[in-house]
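Residue numbers (numbering that gives the first Met the number 0), protein chains in the order written: chain A, 0 to 152; chain B, 0 to 313.
These are computed hints drawn from the structure, not numbers from a lab. Be aware that one or more of the hints could be misleading.
Unchecked claim - Here are some of the chain B residues that sit facing chain A, going by a computed Cβ distance under 7 Å: (1) G80; (2) L83; (3) L103; (4) Y109.
To be verified - Pair ranges (Cβ atoms, derived): (5) B:K312 - A:E101: 17 to 23 Å; (6) B:K311 - A:I134: 37 to 43 Å; (7) B:K312 - A:I134: 33 to 39 Å; (8) B:N2 - A:S40: 38 to 44 Å; (9) A:G54 - B:V113: 45 to 51 Å; (10) B:N92 - A:F65: 43 to 49 Å; (11) A:H126 - B:K311: 43 to 49 Å; (12) B:Y102 - A:E101: 44 to 50 Å; (13) A:S40 - B:K73: 40 to 46 Å; (14) A:E101 - B:K84: 44 to 50 Å; (15) B:P263 - A:K55: 45 to 51 Å; (16) A:S145 - B:Y18: 34 to 40 Å.
It should be emphasised that the depicted structure is a prediction, and the values quoted were computed from it without experimental measurement. C-beta: ideal position from N, C-alpha, C; glycine also.
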Amino acid sequence: MSNNKQALQVAALKNGTVIDHIPSDKLFTVVNLLGLQNSDSNMTIGNNLESKKLGKKGIIKVADRFFTDEEISRLSVVSPNVKLNIIRDYEVVEKKQVIMPEELKGIVKCNNPKCITNNEPMTTIFHVIDKESGILKCHYCEKEQSKEAIKLI
Amino acid sequence: MENRSLVSIAGHSKEKILYLLEMAKEFEKNPNRKILDGKVVATLFFEPSTRTRLSFETAANRLGARVIGFTDPKVTSSSKGETLKDTIMMVSNYADIIVMRHYLEGAARYASEVAPVPIVNAGDGANQHPSQTMLDLYSIYKTQGTLENLNIYLVGDLKYGRTVHSLLMAMRHFNPTFHFIAPEELKMPEEYKLYCRKHGIKYEEHTDFTEDTIAEADILYMTRVQRERFTDLMEYERVKDVYILRNDMLKKTRENLRILHPLPRVNEITYDVDENPKAYYFQQAQNGLYARQAILCDVLGITLDDVIEDGKKY
């Protein structure tokens with residue numbers, strides 16, 4: 000596939016953010032986590048694009064949107080290897096990587112049915128116990144759960 | 000205001016634990032006082048627990064506080080669908096402190112975050128029960144004269160037993176050696192063994208429970224092996240009589256050995272043990288009163304010095 004065709008798949012951005020290297024099966028989760036389905040920004044979403052690293056990947060380009068570190072850290076639970084390029088005037092001015100935060104607020108659902116968070120209208124809080132293996136501990140019921148078992152809110 | 004709630008004992012430092020034990024000791028000298036005169040203590044039991052409730056209410060009453068509350072959530076608004084937060088906010092208008100028992104895990108933590116008054120966790124589902132741990136620690140401290148370097152034998156249901164898990168974590172400051180005696184299906188979960196290794200707590204595991212296994216024990220902490228915990232009922236039938244303490248098993252044991260049990264007991268300690276001076280489970284329950292008096296005062300900001308000063312009046 001020529002560079003030209005690849006370029007056609009995703010249009011160039013003047014100002015905004017390119018979120019790259021999203022695992023294809025996580026693309027729409029990332030869209031949801033960032034609330035992009037409700038955004039009226041000019042946006043290109045590509046999926047199942049060829050990727051040397053991932054085989055297939057997703058990519059999101061959003062014009063005139065710059066995400067906060069808090070927003071970016073939300074992505075850590077689903078796809079820790081996502082890269083963000085901040086574009087200003089067609090140039091990449093900054094690259095950001097997703098970093099697992101110490102605490103996840105309102106992102107993950109506790110998988111303990113007897114946890115208060117599943118029985119009361121309230122925000123969940125998880126402490127990240129082990130960043131490497133992605134072990135989280137519910138702030139309320141104190142049960143640990145691994146990244147594989149995570150359900151998002 | 001600083002939140003002085005007691006939700007879990009896991010975060011307590013060694014100093015804080017010893018401080019609370021000292022305070023409990025003061026209350027044992029004289030449990031009848033007026034130090035909480037004019038205070039209102041609410042006991043909210045979203046799940047019935049007569050023993051714990053009576054103990055907390057006695058602690059409050061003997062310190063001169065007044066007690067309000069409910070013992071059965073069926074008569075409260077939570078049965079109409081009121082949220083925990085709303086119930087807690089409402090009661091906070093009336094009481095200076097809320098003692099709560101709830102069937103959901105994390106309920107006390109959440110309540111302590113929304114309530115303007117301190118919360119005392121009297122058990123949240125299978126999670127924490129810090130006042131039980133405090134009375135266990137006080138009983139060990141009182142009978143052994145120290146919490147340091149003890150051989151503690153935990154017997155029975157070590158998988159679901161909330162009290163044994165909390166005790167294990169609270170003892171990490173005191174260099175104990177634990178012995179876990181349990182059937183295969185109810186053995187100490189891996190996460191607590193990992194906790195032991197992480198904190199340098201020595202432990203051994205046994206499946207047999209005989210007079211030889213317990214000969215070196217300073218504390219024998221018995222728990223109930225419940226039928227409903229078994230997935231394999233054949234296994235239950237096989238082990239149900241193994242983890243029963245009989246008086247004749249105590250012959251080789253140490254002079255200072257004391258037998259603890261969080262109660263209620265069913266058949267895991269035979270009645271002939273009750274007469275043995277090493278049986279301590281009823282006094283243990285009584286120690287709960289002093290431990291809970293200390294907890295109530297501590298969360299209200301009353302210090303050990305205040306308690307000692309107050310003790311001079313009587």
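May I ask which of the numbered hints given earlier this structure violates, with the numbers listed in increasing order?
1, 5, 6, 7, 12, 13, 14 and 15
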